[in-house]
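Put together the whole structure using the sequences plus the hints.
Residue numbers (the working numbering), protein chains in the order written: chain Z, 20 to 187; chain X, 794 to 1069.
Certain hints may be false.
Stated by the list, open to error - Here are the in silico distance ranges between beta carbons for each label pair:
| # | chain 1 | residue 1 | chain 2 | residue 2 | range |
| --- | --- | --- | --- | --- | --- |
| 1 | Z | L167 | X | K996 | 38 to 46 Å |
| 2 | X | D990 | Z | N26 | 53 to 61 Å |
| 3 | X | N1028 | Z | L178 | 52 to 60 Å |
These aren't lab readings, by the way, just hints derived from the structure by calculation.
Here a beta-carbon is modelled for each residue, glycine too, at the ideal position from N, C-alpha and C.
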Amino acid sequence: MNNLVLNNIIRFIGLLLFQVLVLNHVNLFGFINPFVYIIWVFLFPFKKNKFALLIFSFLLGLSIDFFSDSGGIHAAATLFIAYIRTPVLNAVLGKSDFDYVLFNLRNIAFIKAISFISLLTFIHHFVIFSLEYFKLSSFSTILYNTLLTGIFTIILSVLGIILFTKKK
Amino acid sequence: MQQLIYFIRKYKYFLLFILLQILAFNFTIQHHSYHQSKFVNSANFISGGFYNKINSINEYFYLKTENQLLNEENVELKNLLAKISLPSNDSLYSKTDTLHKIQKYNYTVAKVINNNYSKRNNFLTINKGSNKGLVSELGVINSKGIIGVVKNVSNNYATILSILNSSSRINVKLKNGNHFGSLIWNGEDYALVQIIDIPRQAKLKKGDTIITGGKSALFPEGINVGTVDDIIIKNHQYQKINVRLFNDMSAIGQVQIVKNLHKEELLTLEEKSNNE
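Put into structure tokens, the structure is as follows:
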């Protein structure tokens, strides 16, 4: 149990620093900066402890906002995907009742895990870019940014999850 | 009462979610208004300190370009100095008046420790703060042109609202003319900014130099901005004017902060005339 808490704290700090010190300055093709820190939300254990998930997701987003001077947009987006995480997983797996305690993202089928990650990533990015541009007239720019940045976030997230988690 | 407790119990996660979401939106809206983002900004102790540490490593890679810039500016200033016909060394005419300040602007040098240019709303962080006399709303320039305006200030750090930001509006004018306009950014290319509100009487052509107007109390008149890149005219009105910046906003090292010593006097005078 303690090991699990410690793991999540280390992951929180590690992903935060990696995001603000490295990924925020990637500028691939001039404008793509993948938001890989949301891996923390994907990997947070699916226990009944939803309060901790909501509060710490909010804090993770807010910490990113502190570093990148973006008001509260990362906090809003990260909190949103943390809230809809369980319904999305239910929809992807096609069942409403599964064992939360023993659940591990590595144990479900690869294609289902990918679609779970992709859905949440695209929703998160869409919220971020909508709040950043905050104009109906730049809707196409928002979609374009969401799609391109989302693809790179998904690739990096999947690679990160494969490399840094143990298969049980 | 029991109903209320039951309701809260049933929807506790949803209520927490709504509460935090309102908080996040509140921060976002506060951030968009010019003066008020007191809480969420990178000028604080932790993030400012982190950026400072990382920057002290990074700056070694840019020493060469920084030196080059300094050299160019030195040459420019020396040329200016040579142009001024120096007064004769007669001590009769030289006087030092410390009572009536003639000096209008005061410059402070600072180092950029975090720079963004690829987002819609960009900010920079610098390593000087209120301990060195900085306050919000001071102009920021470097040797090639304008950078932005100081927004939030902490003890040792400050954030700068870049000209690459949707809230940025800076008074500019033509170098060969007296027509004024406002400088904005449409968020597309970080090398191109736009001018709006320029009257159609102004004669613009490609390659014209744009400088700061000196109408606002932020920047001195005549700081370089960029050159006109292309002009779209519709119904004899300027539809869109793109300006190519002299500065490469993706590589900013040292900056200078301009303090207008007459600002307070100017503002009180203007307020007085407005109230009458």
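Hints versus structure:
1. At roughly 41 Å, the beta-carbon separation of Z/L167 and X/K996 lies within the given 38 to 46 Å, and the hint holds.
2. For the pair X/D990 and Z/N26, the beta carbons lie near 56 Å from each other, so the given range of 53 to 61 Å is met.
3. Taking the beta carbon of each, X/N1028 and Z/L178 are about 53 Å apart, inside 52 to 60 Å as hinted.
Every hint from the earlier list agrees with this structure, and none is contradicted.
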